[in-house]
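S.K.: Chain A is already provided as a structure; the job is to place chain D on it using the hints.
Single-letter residue listing:
Number of protein chains: 2
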Amino acid sequence: MADNNKIVVALDLFDPIKTRAIAQKIGEDVFAFKVGWPLILGSNSDIINDLARYAKVICDVNLANIPDINRAITENIREHGAWGIVAHPFAGKDALDAVVKSAGSMKVFSIVAMSHPGSATFIDRDTEELCALSASSGAYGVMAPGNRIDVLGKVKRLAGQMKVLATGIGTQGGDPLLALRGGADYLVIGRSVYNARDPLRELKRIDAVISRLGEEQRPEASV
Amino acid sequence: MADNNKIVVALDLFDPIKTRAIAQKIGEDVFAFKVGWPLILGSNSDIINDLARYAKVICDVNLANIPDINRAITENIREHGAWGIVAHPFAGKDALDAVVKSAGSMKVFSIVAMSHPGSATFIDRDTEELCALSASSGAYGVMAPGNRIDVLGKVKRLAGQMKVLATGIGTQGGDPLLALRGGADYLVIGRSVYNARDPLRELKRIDAVISRLGEEQRPEASV
Numbered sequence: 001m002a003d004n005n006k007i008v009v010a011l012d013l014f015d016p017i018k019t020r021a022i023a024q025k026i027g028e029d030v031f032a033f034k035v036g037w038p039l040i041l042g043s044n045s046d047i048i049n050d051l052a053r054y055a056k057v058i059c060d061v062n063l064a065n066i067p068d069i070n071r072a073i074t075e076n077i078r079e080h081g082a083w084g085i086v087a088h089p090f091a092g093k094d095a096l097d098a099v100v101k102s103a104g105s106m107k108v109f110s111i112v113a114m115s116h117p118g119s120a121t122f123i124d125r126d127t128e129e130l131c132a133l134s135a136s137s138g139a140y141g142v143m144a145p146g147n148r149i150d151v152l153g154k155v156k157r158l159a160g161q162m163k164v165l166a167t168g169i170g171t172q173g174g175d176p177l178l179a180l181r182g183g184a185d186y187l188v189i190g191r192s193v194y195n196a197r198d199p200l201r202e203l204k205r206i207d208a209v210i211s212r213l214g215e216e217q218r219p220e221a222s223v
Numbered sequence: 001m002a003d004n005n006k007i008v009v010a011l012d013l014f015d016p017i018k019t020r021a022i023a024q025k026i027g028e029d030v031f032a033f034k035v036g037w038p039l040i041l042g043s044n045s046d047i048i049n050d051l052a053r054y055a056k057v058i059c060d061v062n063l064a065n066i067p068d069i070n071r072a073i074t075e076n077i078r079e080h081g082a083w084g085i086v087a088h089p090f091a092g093k094d095a096l097d098a099v100v101k102s103a104g105s106m107k108v109f110s111i112v113a114m115s116h117p118g119s120a121t122f123i124d125r126d127t128e129e130l131c132a133l134s135a136s137s138g139a140y141g142v143m144a145p146g147n148r149i150d151v152l153g154k155v156k157r158l159a160g161q162m163k164v165l166a167t168g169i170g171t172q173g174g175d176p177l178l179a180l181r182g183g184a185d186y187l188v189i190g191r192s193v194y195n196a197r198d199p200l201r202e203l204k205r206i207d208a209v210i211s212r213l214g215e216e217q218r219p220e221a222s223v
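First to last, the protein sequences are chains A and D.
Position 165 of the first sequence, counting from 1, maps to 165 under my numbering, and the rest follow consecutively.
Position 207 of the second sequence, counting from 1, maps to 207 under my numbering, and the rest follow consecutively.
Isolated chain A (complex conformation) (with noise of 0.2 angstroms):
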């Protein structure tokens, strides 16, 4: 599967037994899963080392505590066996800080912009402080809408070394190689690939959507 390693596949279902079979199909041809709150929910932590036998896991469980609290659920989900963390910066340096210094390898992801309407009226506001601020941390990445190309390119923009990972792929509007040229590094597919009758060929179908882009991008590659 080519550019497999742009698709990160959110699985926002309570179902461990649902989401591990589905995680058992994909696992190939992802480069990640994103997995948060509703599937913890669902059964507890230890479902993270599960599906960590298929692909890397991204916990996207928002962090937005005090950084005691940030801390103790980061230390958890790293000993779970999670290869990324995803934490909002709004809630300070302190407690970004936290999750970052108890992160170890992992990979802290900051959200600093988001792709529902809600977001603008206090996270646009405030994205390019938030951006600064996660890369002050050590954030490795950042989140950013992929459904809104603009505050996307604003981010990639602002990013410097941090990965960008677009959300809002999907069901939520975004197209995906509009987000990839947007700036995007990874594309956060969730409802459209796991509610699908067949989640393995809804993946290889965006990813030949994906590849595209690839093929524009290669004669001036070559240059």
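These aren't lab readings, by the way, just hints derived from the structure by calculation.
Careful, some of the hints might be misleading.
Just so you know, same-sequence chains aren't split out, so a pair can sit in one copy or run between any two.
Said to hold, decoys possible - Pairs of lysine-lysine residues, derived as BS3-like cross-links and limited to a Cα-Cα distance of at most 30 angstroms, are as follows: (1) K18 - K101; (2) K163 - K56; (3) K93 - K25; (4) K156 - K93; (5) K154 - K93; (6) K163 - K93; (7) K107 - K154; (8) K204 - K101; (9) K56 - K93; (10) K56 - K107; (11) K204 - K93.
M.R.: Coordinates of chain D only, in the frame set by chain A:
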């Protein structure tokens, strides 16, 4: 126990067995328990049902997701018998509305200020707007720092009919009496109770302190 209805004990432990044991001991002497992601990581959402046998349970899951995920988590927690749920309004009105609308009879508490220094950077700037948004979405209460009396007082003035839950009491430096005088309707106390050799005794000790405020205020109340 006088005034026992003012204390919310935060049970931020991972171990469900230890947590259940403490809950059973102190349940009759608290207004409610507050539990968060650490406990759910260590067990699963069934722990909410367990604890609800001893007292009301407020799930401090500080929701800050897109509306669809906020909704899914809220429904799951409601189905497990929680009395209250906590959300971050900074994710915007649609995200908070999703919590309130799917909460049913569960009370929604909205975080408008926090107890750690880092919260000054972004959240403090927006506290007034976050309070207004919380009220307009129909939140039952707000959470504010009991260890930052000036911010607590500001929130109390902005809260209107919404109840004020004060965090940061005890280990984080907040004084129960000052927080009640400063505008708190309820006090959230965590580590100083659950880490005590005898949690019930520590709870009763704090309650005795609080009762003094009741006595001070009695003459005024009888005027």
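S.K.: So, against the hints stated earlier in the document, which numbers end up violated here?
M.R.: 3, 8, 11
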